[in-house]
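Participant: The listed protein sequences derive, respectively, from chains G and S.
This note's numbering puts the first sequence at residues 1 to 179.
This note's numbering puts the second sequence at residues 1 to 164.
None of these hints come from the bench; they were simulated from the model.
Please read all numbers here as calculations on a predicted model, not as lab measurements.
There's no promise every hint is true.
Counterexamples of contact, computed for chain S against chain G with all Cβ distances above 12 Å [what the hints assert, rightly or not]:
id	residue
1	D29
2	G39
3	P48
4	C55
5	A60
6	P67
7	K73
8	V77
9	C86
10	A88
11	A89
12	R94
13	P119
14	Q120
15	G146
16	A151
Quick list of simulated restraints, FRET-style, between CB atoms [what the hints assert, rightly or not]:
id	chain 1	residue 1	chain 2	residue 2	range
17	S	K23	G	D57	44 to 50 Å
18	S	P163	G	R125	40 to 46 Å
19	S	A40	G	A110	40 to 46 Å
20	S	P15	G	G158	27 to 33 Å
21	G	R167	S	T17	54 to 60 Å
22	S	D93	G	D162	24 to 30 Å
Note that beta-carbon positions come from the ideal geometry of N, C-alpha and C, so glycine has one too.
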Amino acid sequence: MRTHFAPKLVLPVSERDHIRGPANAPVTLVEYGDYECPYCGMANSIVDEIRRELGNDLRFVFRNFPLTEVHPHAEHAAEIAEAAGTHHKFWEMHDLLYAHQDALGDQHLAEYVTLLGIPTTEVKRALAQHAYMDRVHEDFMSGVRSGVNGTPTFFINGSRHDGSYERDVLLAAIADAAR
Amino acid sequence: MSGSKDAPAGGPLAPGTPAPDFKLHSTPDQLVSLSDFRGAPVILAFYPADWSPVCGDQMALYNQILPEFHRLKAQLVGISVDGAWCHAAFAKDRNLHFPLLADFEPKGEWARKYGVYRPQDGICERALFVIDSSGVIAWSYVSPIGVNPGADGILAALEDLAPK
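Please model the entire structure based on the sequences and the hints provided.
Facilitator: Here it is, written out as structure tokens:
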């Protein structure tokens, strides 16, 4: 019997990922999140704050982990963010989605697409054909195999962060990893 | 009479041990036995209580990963000391697609037999068992009570069972 195992990120950060911050930053923070999860919404503000504070010392990566059985809009929201990503607007959409967690129905998503100046017909077709479903599922399964146990789950330089995601706790863990 | 006389001294039952064949209520009028699943691997997920917060909830996570467990031919059951009506309300609220068993009377009887009861708290550990298709424990793991163990250990154990 194993009494303890420290989960590690099994899918390394690479070009497939959505990345904020420089590749040579001493610390990489990976979040597995769900756009409809209220805890992820809170965590997103904290991550924004930490990113501002640490500047080029932090690289932040977001991967999808939609819990669709409890969050009916989470899958489409994730797919919309990926669709925006192909138009180089992943982070703009990511920020919009977290800023409007109470308005993630398909009609709202369509408004955000328009707002960001992304061709709406193309995105609608992509959603209908589930063009980004495989990508979202790949994120999800990479999380499962890495020991993601709910949302949000953070990995700091590849190790799962089991502490809370309060600003000070997360900052301290990042500082530890940077040493 | 000691309340924990059935609890194995060494903690959770270890791999290679025949899994005790429970019979427990999955709903107020339905009983489920371990032997009902003979022929397929079974995941037993003991957990402390229904109604923990949603996004970090172990059962919500397993519900989401259920297709992956099924792809590996395994059946999942959750077990806690909550009663069948409590389980029914919880399963409905969380849209769960697998049975939750009530280790309710005598309280924690089967958790004790698997070595994962916490008499000081009156609940079971957050413990996982993967049982092979012949009813023998293939893998077990006890997580710190506050840490959702995720599913990677379960998937690795199931893959070890699958024909190479």
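Participant: Which numbered hints are broken by the structure, listed smallest first?
Facilitator: Hints 4, 5, 6, 12, 15, 16, 17, 21 not satisfied by this model.
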